[in-house]
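Trainee: From first to last, the protein sequence lines are chains A and B. Quick note: the first sequence, position 84, residue 86 per my numbering, numbers continuous. Quick note: the second sequence, position 112, residue 114 per my numbering, numbers continuous.
Don't take each hint at face value.
Remember, identical chains collapse to one label, so a pair may be satisfied in a single copy or spanning two.
With a Cα cut of at most 25 Å, we get these calculated SDA-like pairs of lysine to any residue [stated by the list, open to error]:
1. K143 <-> L108
2. K143 <-> E41
3. K13 <-> P99
4. K13 <-> G57
5. K143 <-> T38
6. K143 <-> E9
7. K13 <-> V114
8. K13 <-> V33
9. K143 <-> D124
10. K13 <-> H151
11. K143 <-> I110
12. K13 <-> G125
13. K13 <-> V76
14. K143 <-> G112
15. K143 <-> Q39
16. K143 <-> I64
Rather than coming from a laboratory, the hints here were simulated on the basis of the structure. Just so it is clear, the structure is predicted and the values come from calculations on it, not from any experiment.
Number of protein chains: 2
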Amino acid sequence: MTDQLVEFHAKPIGVVHSPFREAQGTPIQPVYAGETQFEVELLPEYIDGLRDLAGFERIWLICWFDRAPASRLVVVPFRDSTERGLFATRAPSRPVPIGLSCVRLLEIRGNVLVCTGADILDGTPLLDIKPYVPEFDAFPKSRAGWFDHSRESRTHADGRFT
Amino acid sequence: MTDQLVEFHAKPIGVVHSPFREAQGTPIQPVYAGETQFEVELLPEYIDGLRDLAGFERIWLICWFDRAPASRLVVVPFRDSTERGLFATRAPSRPVPIGLSCVRLLEIRGNVLVCTGADILDGTPLLDIKPYVPEFDAFPKSRAGWFDHSRESRTHADGRFT
Numbered sequence: 003m004t005d006q007l008v009e010f011h012a013k014p015i016g017v018v019h020s021p022f023r024e025a026q027g028t029p030i031q032p033v034y035a036g037e038t039q040f041e042v043e044l045l046p047e048y049i050d051g052l053r054d055l056a057g058f059e060r061i062w063l064i065c066w067f068d069r070a071p072a073s074r075l076v077v078v079p080f081r082d083s084t085e086r087g088l089f090a091t092r093a094p095s096r097p098v099p100i101g102l103s104c105v106r107l108l109e110i111r112g113n114v115l116v117c118t119g120a121d122i123l124d125g126t127p128l129l130d131i132k133p134y135v136p137e138f139d140a141f142p143k144s145r146a147g148w149f150d151h152s153r154e155s156r157t158h159a160d161g162r163f164t
Numbered sequence: 003m004t005d006q007l008v009e010f011h012a013k014p015i016g017v018v019h020s021p022f023r024e025a026q027g028t029p030i031q032p033v034y035a036g037e038t039q040f041e042v043e044l045l046p047e048y049i050d051g052l053r054d055l056a057g058f059e060r061i062w063l064i065c066w067f068d069r070a071p072a073s074r075l076v077v078v079p080f081r082d083s084t085e086r087g088l089f090a091t092r093a094p095s096r097p098v099p100i101g102l103s104c105v106r107l108l109e110i111r112g113n114v115l116v117c118t119g120a121d122i123l124d125g126t127p128l129l130d131i132k133p134y135v136p137e138f139d140a141f142p143k144s145r146a147g148w149f150d151h152s153r154e155s156r157t158h159a160d161g162r163f164t
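Chain A on its own, in the form it takes in the complex:
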């Protein structure tokens, strides 16, 4: 299989402007980020792709964790006190450091999206924006392994992944 897997590459489509300059203190997921606003700036050449997006209450931001530390295959996730396999966590230190954030879209001003739900560091490169579609994305009763039994209630990052 290794032979089939060639390196992929592309240029980001924009950048995230958020209040968070370092991992420590950044919300670990959008649901813990409260009402603080942040902005997503799209390269002007892509502005036509934003048509019709304002009708969606939430959007997926797919980002490149440009400052994530080297990947570790076993981690103690923010919401637990036990080591877990990396792919069973949302930790940022991944072999391919891609982040997935479901944020609330408030307004679109030209090539700038005003959102709430920042769990992303300021200056993080943006790879894609997708609309959040409940029919495709919402499975509220889906069983969630260790997460369902965790007693750790941390909502903001400490320094464990820096």
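Place chain B on chain A using the hints.
Mentor: The following block gives chain B in isolation, referenced to the frame of chain A:
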């Protein structure tokens, strides 16, 4: 902003084995894929990262659409008959061709994940696996723009993005 945005690159972590060899006839989303099983093969070097994943009913597969056609900023999506901005759709022809699929995890056999919900072409490079966590990902009542009003009920791809 353009100056800040440097090309990113990485090597995939695995590959998707699915029954679909061409876009036409492939389910447009996992929810339309029925019970057909498919496999996700992870590079053996990452196997330790799968620990604890079997407890999750659903997982996110983040893939690289290696055969997607050139990006178009305005498309007629599968579920509509009107042109829409690309970022307001889940169409595969994106500036950074990353796919996001919420699939059901049936079983893990070594470095192979057995799943249902294939909306992915056979041989597609895998970039990341994340657990599906309802608290982070499930917003069943989220308003979904044009999608909420669409009368188009297509569930499998035609040739429009090939």
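Trainee: Each hint should be assessed against the structure and marked as holding or not.
Mentor: For each hint, the structure was consulted:
{"no.": "1", "hint": "K143 <-> L108", "verdict": "between (27 Å within a copy, 16 Å between copies)"}
{"no.": "2", "hint": "K143 <-> E41", "verdict": "between (31 Å within a copy, 24 Å between copies)"}
{"no.": "3", "hint": "K13 <-> P99", "verdict": "both (15 Å within a copy, 11 Å between copies)"}
{"no.": "4", "hint": "K13 <-> G57", "verdict": "neither (27 Å within a copy, 35 Å between copies)"}
{"no.": "5", "hint": "K143 <-> T38", "verdict": "between (28 Å within a copy, 22 Å between copies)"}
{"no.": "6", "hint": "K143 <-> E9", "verdict": "neither (36 Å within a copy, 38 Å between copies)"}
{"no.": "7", "hint": "K13 <-> V114", "verdict": "within (18 Å within a copy, 31 Å between copies)"}
{"no.": "8", "hint": "K13 <-> V33", "verdict": "neither (28 Å within a copy, 30 Å between copies)"}
{"no.": "9", "hint": "K143 <-> D124", "verdict": "neither (33 Å within a copy, 29 Å between copies)"}
{"no.": "10", "hint": "K13 <-> H151", "verdict": "neither (40 Å within a copy, 34 Å between copies)"}
{"no.": "11", "hint": "K143 <-> I110", "verdict": "between (32 Å within a copy, 21 Å between copies)"}
{"no.": "12", "hint": "K13 <-> G125", "verdict": "both (15 Å within a copy, 23 Å between copies)"}
{"no.": "13", "hint": "K13 <-> V76", "verdict": "between (30 Å within a copy, 20 Å between copies)"}
{"no.": "14", "hint": "K143 <-> G112", "verdict": "neither (37 Å within a copy, 27 Å between copies)"}
{"no.": "15", "hint": "K143 <-> Q39", "verdict": "between (29 Å within a copy, 22 Å between copies)"}
{"no.": "16", "hint": "K143 <-> I64", "verdict": "both (24 Å within a copy, 22 Å between copies)"}
The earlier numbered hints that this structure contradicts are 4, 6, 8, 9, 10, 14.
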